[in-house]
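For the sequence shown, my numbering assigns the number 255 to the initial residue and increments by one for each residue that follows.
Be aware that a few hints might be false.
[To be verified] Below are the PhoX-like pairs computed for lysine-lysine, each with C-alpha atoms no more than 20 Å apart in a straight line:
1. Lys386 with Lys518
2. Lys395 with Lys491
3. Lys422 with Lys436
Please keep in mind that the hints were generated in silico from the structure rather than gathered at the bench. Note that the structure is predicted; figures quoted are calculated from it, not measured.
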Amino acid sequence: MRREKLCLVILAILLLFTSCVSNKEPETLSGSDIASGATSTAETTPTPATASPSEPVSEPSPDTEPAVEPDSEQYSLPDGFVYITDVIPTALLEIRYFSEDNFVGAVIDGYEAPKAILTREAAQALKTAADKLYGQGYYIKIFDAYRPQRAVNHFVRWAEDLDDTKMKEKYYPDLDKSVLFKLGYIAERSGHSRGSTVDLTLIDISTGEELDMGSGFDFFGEISNHGTSLITPEQEKNRNILRDAMVDAGFEVYPEEWWHYKLKDEPYPDTYFDFPVR
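Build out the structure end to end from the sequences listed, making use of the hints.
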């Protein structure tokens with residue numbers, strides 16, 4: 255009898271245990287568990303922000319990089335004027351009046367950037383000359399083009415200061431500064447201010463060197479004249495290469511300066527402009 259009671263008790267305990275196990279719910283992760291870093295055995299897909307550092311990063315397309323704007327889009331010129339380098343991309347610039355390497359020895363009033371500006375007509379004629387010269391193996395290099403009236407006024411003030419001779423040795427070693435007005439090297443008006451005059455030289459494309467013209471730009475003296483006997487045949491030949499191309503393109507020679515050319519049919523023959531070079 256006692257054995258039967260013992261068996262009944264054991265059976266009851268087994269039934270009770272089985273019932274408790276079958277009614278227990280599976281454990282799940284709460285939202286707070288996920289936020290605190292708990293993980294499950296389920297496989298996750300990495301997002302771009304968690305991608306491995308070894309994965310390649312795409313480079314920005316060249317199309318997304320800002321293009322260099324031409325000069326004409328950086329500064330609005332008066333109607334009828336253009337930047338030389340917008341018309342002649344091969345033109346080289348050495349704007350002396352935006353530097354201290356000139357007969358004054360200082361940056362000249364009105365030159366706010368090393369740019370070269372001409373009337374549209376003069377620039378197109380200059381392109382004709384530049385294209386011809388390029389075919390012969392030369393680049394053009396510009397020293398000056400349009401010149402504001404305020405720059406000319408600066409020259410006049412400098413010429414009146416007879417004590418300022420710091421650039422004499424390089425630019426007018428054989429002249430007294432007091433005669434520069436009389437000889438026409440300095441004047442109260444300049445054809446450059448009308449916008450169709452350019453000062454330039456030639457660069458040999460094969461060497462990158464300037465052609466030897468016998469004197470430097472803005473040298474005040476007879477050696478700078480066309481037809482001078484003070485230069486070698488080779489120097490005269492170099493001057494004539496420039497001269498022939500410019501005259502054929504519609505420019506006039508200035509007898510006292512081998513580098514100076516004015517468009518024969520300039521569009522503003524009586525107007526002297528004063529907007530800055532920038």
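Hint check:
1. Lys386 with Lys518: 19 Å, holds
2. Lys395 with Lys491: 18 Å, holds
3. Lys422 with Lys436: 17 Å, holds
Violated hints for the displayed structure: none, as all numbered hints are satisfied.
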